[in-house]
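Residue 424 in this note's numbering sits at position 329 of the sequence shown, with consecutive numbering throughout.
If you are wondering where the hints come from, they were derived from the structure by calculation, not from laboratory data.
Mixed in with the good hints, there may be bad ones.
Said to hold, decoys possible - Here are the simulated BS3-like pairs of lysine-lysine, each with C-alpha atoms no more than 30 Å apart in a straight line: (1) K138 - K218; (2) K97 - K292; (3) K248 - K133; (4) K544 - K335; (5) K248 - K192.
Stated by the list, open to error - Pair ranges (Cβ atoms, derived): (6) K324 - E134: 39 to 47 Å; (7) K328 - K418: 18 to 26 Å; (8) S101 - L385: 54 to 62 Å; (9) E567 - K291: 49 to 57 Å; (10) D434 - K291: 47 to 55 Å; (11) T323 - D239: 14 to 22 Å; (12) E173 - G563: 53 to 61 Å; (13) S236 - Q452: 39 to 47 Å.
Ideal placement from N, C-alpha and C gives every residue a C-beta, glycine not left out.
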Amino acid sequence: MKPPSSSSKITKEWVQYIMQDYMQKKHHLSSTPDVTIKEFVVKEGASAGEGFNSEIVSLDVVAICSGDGAEGTSTDAEYHCIVKFFSTDTFSREANKRFESHLREHAIYSELIRDLNNFQALKTGNEFEIHIPELIYGMVSNKDFVLVMENVKVKGFNTNNRYSGLNFDQLKEAVNQLARLHAVSYAYNKSHNILKKFPFLKLNEEVVKVFESFCGVFIDNGIALLNTKDDMKDLAKKIKISKARLFSEFLKLYISSEDHISCICHGDFWNNNILFKTQMQCDHGNETKLLCEVIDWGNAAWGLPILDLQYLIYTSTAIEIRKEHLESVLHLYYSAFIDITTKLEVPVPNWSYDNFQKEWQRLSVFGFLMGIALTQGTLSKSNPVNKPREASLLDHSVCLPIKLVVDGVKLGTVKALTPLLFKVPASKLMIAMNRKLFQPIREEILSGKNEVLNKRIIDLMLEADEKGIFSE
């Protein structure tokens, strides 16, 4: 059955189809089970600040399923899902297609994490399972993209407040999950050629170079903020002078070689893509255990693991956490990576903790640039990307013929412009568009009304200066 293109196209027949497909696969049934959909409800699945590049809705289903071995034979069964489509925004949709984000995410949910978990389970008894929501249904092509996953929030998992950032316990659990992804995929690749099976996981250098057009605007915003402080104007000048060199170094970081450890990287491992749950340990008295599930895999790629770790720490923690706990967190990650690869019988050669620390320092410009960009994009209350789409006159059914023409013109225009916008090095057109698009963020910063945002920006720049990132 052809999948719906958006949440507004979800039908009872399609819900029945995906539940039949899910039941048959889950219970290894020889024939398609009978499924009766008693009720289904579609609601918004992402709040402001989430789901930047996709349309996300929740789907709650009440169904009766009959068939050999199927659950819910005699009683109603409830299923709580998250459904993900291409973005309703034409530009975001075409950009995702160009960068193959839909292929990456579908591969992660449908095959790759399953293969990695099976691999580690055979060797360690499932000691290093990578936790992601269960896939209910997935369909991907150049025109269609839909993922239906379990809604783990119903199980008690929730995202942390992004304005406060991860606390130490949350950071440790996130780092533990990240080390599992990196170490298991590193070991798995020694006997399975991941990029041969999933060539689209190879890093798209075009994406990396386009980042300059976005990040340049955010650095300029930070410089403008520093220039409002008399005691920080010298630092503002220093950053402005070093800006071109920072981007040059940033691009070089992605040039991989045999000297560097490579693995599957999440690519967007920050606060809102990690869901936490505190679980009571019945066999340990009143002790609790923090669990987490990792979502949003559209940026997954083969790359350097420390870049993922830099991304997490500098986009998702406050300076106070980094000052007090950074060293212990780095040691935790390194120890976990070494322990996992050793138990998987693929020990890492010539990678001492001293080597790891040097690599961390070498890649520190990445953490700064990602931190300065993501902080503004996610903590700003005026970011136009975070605002829900407003209703349009063209949404009225009477205007459907006009809307189809307008949407067709939009699509044609975007398809024509996309190669120009993503031309590398970053085109002046893209830079100008981003400067205009994110002007509200700049105004918010200079107004001083968002104290959390401004403090995080200043802390990142002062911290980077202490590391010598802006020095020749």
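Ascending list of hint numbers which this structure does not respect:
Violated: hints 1, 6, 8, 9, 10 and 11.
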